[in-house]
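Trainee: Here are the chains, one letter per residue:
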Amino acid sequence: MPPELLRMIIAAVLVVAFVFLNAMILGYMERKVSAHIQRRPGLMEVGPHGVLQLIVDGLKLIGKQLVVPEGSNKFLFRLAPVLSFAPCVLPFVVLPFARKLQIVSMDISLIFILAMTSINVIAILVAGWASNNKYSLFGTFRSVAQAVSYEIPMLLSILSIILITSTFSLQGIIAAQKYYWFILIQPLAFIIYFISGLAETNRAPFDMPEAESELTAGFHTEYSGMGFSFFFLAEYANMFTVCSIATVLFLGGWKGIPLPLGDYTGIFWFMLKVYGLLFVMIWVRWTYPRVRFDQLMTFCWKYLIPFSLANLLITAVLVKLI
Amino acid sequence: MGDQERGKLNVHSYSAELQSRLERGAPGDLVVHDPGPLYKHKLADDIFNLCRANSLWPMTFGLACCAIEMMSLGMARFDISRFGSEVFRPSPRQSDLMIVAGTVNKKMASAVMTLYDQMPSPKWVIAMGNCAISGGPFAVEENYNVIEGVDKLIPVDVYVPGCPPRPEGLLEGILKLQEKISGVRHPFPQRKISDAPSY
Numbered sequence: 001m002p003p004e005l006l007r008m009i010i011a012a013v014l015v016v017a018f019v020f021l022n023a024m025i026l027g028y029m030e031r032k033v034s035a036h037i038q039r040r041p042g043l044m045e046v047g048p049h050g051v052l053q054l055i056v057d058g059l060k061l062i063g064k065q066l067v068v069p070e071g072s073n074k075f076l077f078r079l080a081p082v083l084s085f086a087p088c089v090l091p092f093v094v095l096p097f098a099r100k101l102q103i104v105s106m107d108i109s110l111i112f113i114l115a116m117t118s119i120n121v122i123a124i125l126v127a128g129w130a131s132n133n134k135y136s137l138f139g140t141f142r143s144v145a146q147a148v149s150y151e152i153p154m155l156l157s158i159l160s161i162i163l164i165t166s167t168f169s170l171q172g173i174i175a176a177q178k179y180y181w182f183i184l185i186q187p188l189a190f191i192i193y194f195i196s197g198l199a200e201t202n203r204a205p206f207d208m209p210e211a212e213s214e215l216t217a218g219f220h221t222e223y224s225g226m227g228f229s230f231f232f233l234a235e236y237a238n239m240f241t242v243c244s245i246a247t248v249l250f251l252g253g254w255k256g257i258p259l260p261l262g263d264y265t266g267i268f269w270f271m272l273k274v275y276g277l278l279f280v281m282i283w284v285r286w287t288y289p290r291v292r293f294d295q296l297m298t299f300c301w302k303y304l305i306p307f308s309l310a311n312l313l314i315t316a317v318l319v320k321l322i
Numbered sequence: 001m002g003d004q005e006r007g008k009l010n011v012h013s014y015s016a017e018l019q020s021r022l023e024r025g026a027p028g029d030l031v032v033h034d035p036g037p038l039y040k041h042k043l044a045d046d047i048f049n050l051c052r053a054n055s056l057w058p059m060t061f062g063l064a065c066c067a068i069e070m071m072s073l074g075m076a077r078f079d080i081s082r083f084g085s086e087v088f089r090p091s092p093r094q095s096d097l098m099i100v101a102g103t104v105n106k107k108m109a110s111a112v113m114t115l116y117d118q119m120p121s122p123k124w125v126i127a128m129g130n131c132a133i134s135g136g137p138f139a140v141e142e143n144y145n146v147i148e149g150v151d152k153l154i155p156v157d158v159y160v161p162g163c164p165p166r167p168e169g170l171l172e173g174i175l176k177l178q179e180k181i182s183g184v185r186h187p188f189p190q191r192k193i194s195d196a197p198s199y
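Those protein sequence lines, which keep their order, are chains A and B. Sequential numbering from 1 applies to the first sequence in this note's numbering. Sequential numbering from 1 applies to the second sequence in this note's numbering.
Chain B with its partners taken away, still in its complex shape (with noise of 0.2 angstroms):
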């Protein structure tokens, strides 16, 4: 590649970006130069959403103490691939799922903004803790540095509080994202307790 190629390159910068987000909120929706499909179907729709719910595949991304847990979850005591969702993915390319799992400083964010819009869509985001969601401890008068919920950089679906959360935790708040994506709660369909298997 020549210079005058790589001159021509557009690259991005997310400090302005940062600012506009933290002032007027996060973008809802990507806005994607779709046609959208030749032809519509409910059924074709469903049968797709239910694949989508079940093969979320989360980015390899961890931010604080959060992500000891979800690392834990991938573990063998919680283990996440049950769900099939242990593919962690380490391009945000080929991942559906972002896990934030703690602390979003500024310096952090325009990195967290960049790896959410470099995930194709359909995208969905899971903010784990508190500092996640809202700052947590952080959330004082003297705070300078960290933002207060990364809900103001991107848009989140599914909320998990705690400080940190337990791996349970999480695994429900993934349960709670397929409900959403799907329409049904899974794992599908729903066994009693005393059906359930002993791995």
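Here chain A stands alone, though its shape is the one from the complex (with noise of 0.2 angstroms):
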């Protein structure tokens, strides 16, 4: 067997291993930081502290009926979630864990990256559309509105760093930040990206799109068992990578306090930070009651985007100036 398919294929099945280990770790976060912000114990009982629950939930998720529902498009549901999950594991390849942790190495990993979290609005939009069910399609709507408009500031905050360090390698961009992290000199493009990482993951305050009290459970109402499990699975998906997006273009990526191997150790810090940020994302979450869906398109269009515009015209002069 040649050296690189065997590292393609050690590095493929490292990389969906993760992402359920990252679903679990944050599926048991989210709970337990919910729990402890409203002053409950949370999980308890399955395992010391309730760390076995979300295999529990798996294996009881893996055991479900699967239900077709009459009238669906039985293709077309039935491919939805294959079409959500394939995509979000693959940014994971080329994320820079560590200075040589890094499965692949391209120059323009950051545009594929974002090419990939964007697959995920036609997932949701077969998944809404197929389930022949009105709630289903409203979730579906409101999604694709939310994610198509959110992606405009989140590009131009991303551009404004692409200004300053010319390359579209997520490496190059973290051996840019060698004296200082990019959210130092770009606070601005971090917070709006931060909003709209948060607008693009469905999270709340954005969840419109699953917003229980008027949506049942928006597009994945009519899924059951592993159909389910695969939209969850390909959301915390979705928040690792924007997390390490901003992680890797705004916060040093891997670098910080030397450790002994710093070119594998790095993933420390990467971790360190990542999770720190998607704790955020979990504590906006539990804080935060939901917007309405007219507020959330004026805050898009009329805040973020001329924000993050103008925040590109000072960043474009300054950059020539300098």
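Be a bit skeptical, because a hint or two may be false.
[As the list claims (entries may be wrong)] Chain A is faced by these chain B residues, among others (derived, beta-carbon under 7 angstroms): (1) C51; (2) N54; (3) S55; (4) S72; (5) A76; (6) F78; (7) D79; (8) S81; (9) P90; (10) R93; (11) S121; (12) A139; (13) N143; (14) R166.
[To be verified] Calculated pairs, DSS-like style, for lysine-lysine (alpha carbon to alpha carbon, straight line, at most 27 angstroms): (15) A:K74 with A:K134; (16) B:K176 with A:K134; (17) B:K180 with B:K42; (18) B:K152 with B:K107; (19) B:K40 with B:K180; (20) B:K106 with A:K134.
The set of hints was computed from the structure by calculation and includes no laboratory data. By construction, the Cβ of each residue, glycine as well, lies at the ideal position given by its N, Cα and C atoms.
Combine both chains into one complex, guided by the hints.
Mentor: What follows is the structure, encoded as structure tokens:
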């Protein structure tokens, strides 16, 4: 077997395993953090402090009956969870976990990640449309409108970093933050990126597509068992991707206090920063109420896009002058 | 979707179904076209049942005043999430447990039956409160609109009496259901009260 093929197989297995592990960690974190924010103990009885709960939930979801509703488009209905899950795995291939821990190093890795995370919108559209359910369809409309509009400020805020570094390679961007993190010179871009990231991954306070009180469960209303858990995995994988881009662009990626074997142990700092940002996401979810849909759109088009455009302009002028 | 296709959709009429269930009783088990597993193993079944028992996701679904006690069970003082069942799913497709919390009247009966039929197997039902068990205070001669017991409509696993039962009562009902599913009383292993951690 050629070594490159072996490398690819090992990488694929590791990446998929990590996506599942990440969903388990985040699911546990979400439930435990929400419990402590509401002054409850949270998961307690399944394993010590409930650490086995997510494994148990996963096995239960595997054992559930798969319902394909009558009147739905059977093929698209079954295709949608896979379509949602598969592109969410791919960004992990180019993420720089440490100086030498990167599966594929591409010059355009940032564009690759953004392209892959955008496919999720199509999966949501397919899921909602194929379900032939009014709640699914409304959830889909909201989700697609939201994701398409929030893509613009997200890309504009990323572009202001690209102007400074003039490279799309993630390792290159990390290398450019040699003396200071970009959050110090681009705080507005970071805030805009993080807010758009929350909206992009359908997290509260922008979780309109899954608003329980109005739309049952949004686009995955009709999905049971593993179909539902694929959407769940994809959501958490997307959250991880968004936070790791934020880490790479604004927080210096794997850079931190030097550890022994720094080319590999940089993963510690990377994970610390990413899970710190993920904690903030969960914190925001359980602290802020959900916004109305027109407020959501107004906020994007009237505030985030003008501010990110102004930020981009100022950055461009300053880069030209300096 | 065209008009022709829409005409083909089979919309089930629950008013006829309600009448037949009231006369002939609830169907025992839902008939599912299930070829069964290729290979059955007792250990695997045990593991799955243990998992099912420990991850009962109830449906967000309250009918009357008992629902207030059910919500209270989700809140900080009683905290159903210790047993992993705080995930109140809004969609019946993703829930395992239906807590019939309150009075079921004839107008609501079709909705209850629809929701039960929409849940994927394996699924369980807890009848919470006297109204859901037997009609409670409504089981009188003049009653014209209350179903006297939800078990006339759907099969019920655990009955939790009370008017309304306290949240501890419902919690005990859920623990009984876990015992019914997996054969051992949860939380497993049982602790002595003196050993219980102080939350």
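Trainee: All the hints need checking, so say for each whether the structure fits it.
Mentor: Cross-check of the supplied hints:
Interface restraint check: C51 (chain B) against chain A, minimum CB-CB distance 4 angstroms, threshold 7 angstroms, status holds. For the restraint placing N54 (chain B) at the interface with chain A, the shortest Cβ-Cβ distance is roughly 5 angstroms, inside the 7 angstroms limit, so the hint holds. Checking S55 (chain B) against chain A by beta carbon gives a least distance of about 4 angstroms; that is within 7 angstroms, so the hint holds. A least Cβ separation of about 12 angstroms between S72 (chain B) and chain A goes past the 7 angstroms threshold, and the interface hint is therefore violated.
A least Cβ separation of about 5 angstroms between A76 (chain B) and chain A falls short of the 7 angstroms threshold, and the interface hint therefore holds. Against a cut-off of 7 angstroms between C-beta atoms, the interface hint on F78 (chain B) is violated, since the closest Cβ of chain A lies about 9 angstroms away. Interface hint at D79 (chain B): satisfied, since its Cβ lies 5 angstroms from the closest Cβ of chain A, which is below the 7 angstroms cut-off. Interface hint at S81 (chain B): satisfied, since its Cβ lies 5 angstroms from the closest Cβ of chain A, which is below the 7 angstroms cut-off.
Here the hint on P90 (chain B) is kept, as its CB sits about 4 angstroms from the closest CB of chain A, short of 7 angstroms. The beta carbon of R93 (chain B) comes within 4 angstroms of a beta carbon in chain A, closer than 7 angstroms, and the hint placing it at the interface holds. With a cut of 7 angstroms, the hint placing S121 (chain B) at the interface with chain A holds, because the nearest CB-to-CB distance is about 4 angstroms. A hinted interface residue such as A139 (chain B) counts as satisfied when its beta carbon comes closer than 7 angstroms to some beta carbon of chain A; here the least separation is about 33 angstroms, so the hint is violated.
Restraint check, N143 (chain B) versus chain A: the minimum CB separation of about 32 angstroms is more than 7 angstroms; hint violated. The beta carbon of R166 (chain B) is not positioned within 7 angstroms of any beta carbon in chain A (closest approach about 18 angstroms), and the interface hint is therefore violated. Restraint check for K74 (chain A) and K134 (chain A): satisfied, since their Cα atoms lie roughly 17 angstroms apart, inside the 27 angstroms limit. Proximity of K176 (chain B) to K134 (chain A) is assessed by CA-CA distance (about 37 angstroms); at most 27 angstroms being required, the pair is judged violated.
Proposed proximity of K180 (chain B) and K42 (chain B) is supported: the alpha carbons are some 17 angstroms apart, at most 27 angstroms. Pair hint K152 (chain B) plus K107 (chain B) holds up; C-alpha atoms about 15 angstroms apart against a cutoff of 27 angstroms. For the hint pairing K40 (chain B) with K180 (chain B), the CA-to-CA distance comes to about 21 angstroms; that is within 27 angstroms, so the pair holds. Note on K106 (chain B) and K134 (chain A): the hinted pairing holds, with a Cα-Cα distance of about 26 angstroms set against a maximum of 27 angstroms.
The structure fails to meet hints 4, 6, 12, 13, 14, 16 from the earlier list, while all remaining hints are met.
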